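Trainee: Here is how the chains run, residue by residue.
There are 2 protein chains.
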Amino acid sequence: MTTPIFILVDPQMGENIGATARAMMNCGITHLRLVNPRDGWPSEKAHAMSSGALDMMPPVTVFETVKDAIADCHTVYSTAALPRDMVKPIMTARAAAMDMQTRIKNNEKIAVLFGRERSGLSNEEIALSHTLISIPTNPDFSSLNLAQAALLVGYEYLMARYEGIANYTPTGKSFPAAQKDFDELMVRLETDLTAQKFFRVDEMKDQMMQNIRNLFTRAQPTDQEIKTFHGVISALIGKKIK
Amino acid sequence: MTTPIFILVDPQMGENIGATARAMMNCGITHLRLVNPRDGWPSEKAHAMSSGALDMMPPVTVFETVKDAIADCHTVYSTAALPRDMVKPIMTARAAAMDMQTRIKNNEKIAVLFGRERSGLSNEEIALSHTLISIPTNPDFSSLNLAQAALLVGYEYLMARYEGIANYTPTGKSFPAAQKDFDELMVRLETDLTAQKFFRVDEMKDQMMQNIRNLFTRAQPTDQEIKTFHGVISALIGKKIK
Chain A
1 MTTPIFILVD PQMGENIGAT ARAMMNCGIT HLRLVNPRDG WPSEKAHAMS
51 SGALDMMPPV TVFETVKDAI ADCHTVYSTA ALPRDMVKPI MTARAAAMDM
101 QTRIKNNEKI AVLFGRERSG LSNEEIALSH TLISIPTNPD FSSLNLAQAA
151 LLVGYEYLMA RYEGIANYTP TGKSFPAAQK DFDELMVRLE TDLTAQKFFR
201 VDEMKDQMMQ NIRNLFTRAQ PTDQEIKTFH GVISALIGKK IK
Chain B
1 MTTPIFILVD PQMGENIGAT ARAMMNCGIT HLRLVNPRDG WPSEKAHAMS
51 SGALDMMPPV TVFETVKDAI ADCHTVYSTA ALPRDMVKPI MTARAAAMDM
101 QTRIKNNEKI AVLFGRERSG LSNEEIALSH TLISIPTNPD FSSLNLAQAA
151 LLVGYEYLMA RYEGIANYTP TGKSFPAAQK DFDELMVRLE TDLTAQKFFR
201 VDEMKDQMMQ NIRNLFTRAQ PTDQEIKTFH GVISALIGKK IK
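Going down the list, the sequences are from chains A and B.
Note that the numbering used here numbers the first sequence so that position 107 is 107, with each residue one more than the last.
Note that the numbering used here numbers the second sequence so that position 104 is 104, with each residue one more than the last.
In short, the hints are calculated from the structure, not lab data.
Keep in mind it's a predicted model, so treat the numbers as computed, not measured.
Built from N, CA and C at the ideal position, the CB exists for glycine as well.
Keep in mind that a hint or two might mislead.
Reference listing, derived: stretches of chain B covered by chain A, where coverage requires no fewer than 3 residues with Cβ under 8 angstroms from a Cβ of chain A [claimed, not checked]:
1) 20-27
2) 81-91
3) 120-127
4) 151-158
5) 168-177
Given the sequences, and given the hints that come with them, work out the whole structure.
Mentor: Okay, structure coming up:
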């Protein structure tokens, strides 16, 4: 198994199970187990809320106890606050995601427990887990529901696998202009601006052109945009001369 | 303003506005603007879905156009896919969060545009923004709703500000044991195990004790746990001897 298993303990409303499944699938997490769902399983309401996620997942499995649900797993995380006087590592969702990645690469089977909508997990259930996951939120308004908690844990897991590019500028069919073409545009602009008597004080010319050049380097125009801007200048001059 | 402003463009259902407000407040983001909400503003359904978030925020402001809504902002991000033939930077939500942090420290006012529930943002609206935000999701099931998208962008913003500890083990009233106390437990265990003839082959003794010591160092017991374990050994010996 290449992703963690999410386990919902005593979930009450089918809607919450469905919304959680949708959040999981958005993050590529496909294994859902339920402990003792109040309204039974399967659930029409869950299916409706899952936006098709439940149909794409392997069948959800149902257990009577948390112990049964985690029996085949090697490492168990709980999304819960640490009870007083328990000694157990706490990781942010981000740190836990890195930890899960490492363990899954090592062929461990990983489970994440999510507690009851209102009362969370019992101390006995928390004691079964190796690590607690803490999701940083606003200390003045901390009100994550089940599906939101699953989304954030799942998202961090996805991001820990993510090898995409964090920041780039696609240029479609065009391509960032070669520097000689860029420079040609700048020289042409300077020539035309001089002809149009843009530079009233000659000593300021270099400084002003440097500023203009900086503006254009920040934009890093493409070939196509260089052509377009030549057209813009021609049009503007035409207008003025006319 | 120390956080970004979230702007919902033509939001349809009040419930979605409320769920978005709740997601925002979880991340400490308090400024919400609406462009042209279909069912008007204020909205009872939005208030009910916000779990109190809307009551904690400064009043939501309503605008007729995106241009009006962003007029006082310096940098505008759009949560949208890049239209063909537009040249604009794309950042992951995580990279965008770092970028927002930097700009906000520089006193810029930052806006994030979220599009219509079904049809997203128009090309004209996207063209008004400086940067597109891409939220990595499962390529086979990418189905984030408005509030989920707001939660993930907000969460990354919160995490970019987060200075908490990623991974630690609180020990409550107790404290990780001093090495002399730990060593005393190991020596006592070895003595008792020897007396109980645990080490059948004498040459293996050092190796086995090293393995046992490694198990206990991984757990890094507290003072209290060292005491408890002395008690466990005494009890076990008592039982055996009896």
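Trainee: For each hint, tell me whether it holds in the structure or not.
Mentor: Now the hints, each set against the structure:
As drawn, the region 20-27 of chain B meets chain A at 5 residues by the rule of a beta-carbon pair under 8 angstroms; at three or more, the given contact holds. Coverage of the region 81-91 of chain B by chain A holds [criterion: at least 3 residues with CB-CB distance below 8 angstroms; count 9]. Residues of the region 120-127 of chain B with a Cβ under 8 angstroms from some Cβ of chain A number 0, which does not satisfy the need for three, so the listed coverage is violated. Chain A is given as covering the region 151-158 of chain B, and this holds because 4 residues of the stretch bring a CB closer than 8 angstroms to a CB of that chain, at least three being needed.
Closer than 8 angstroms: that is the beta-carbon criterion, and the region 168-177 of chain B has 7 residues meeting it against chain A, so the requirement of 3 holds.
Taken one by one, the earlier hints fail for this structure only at number 3.
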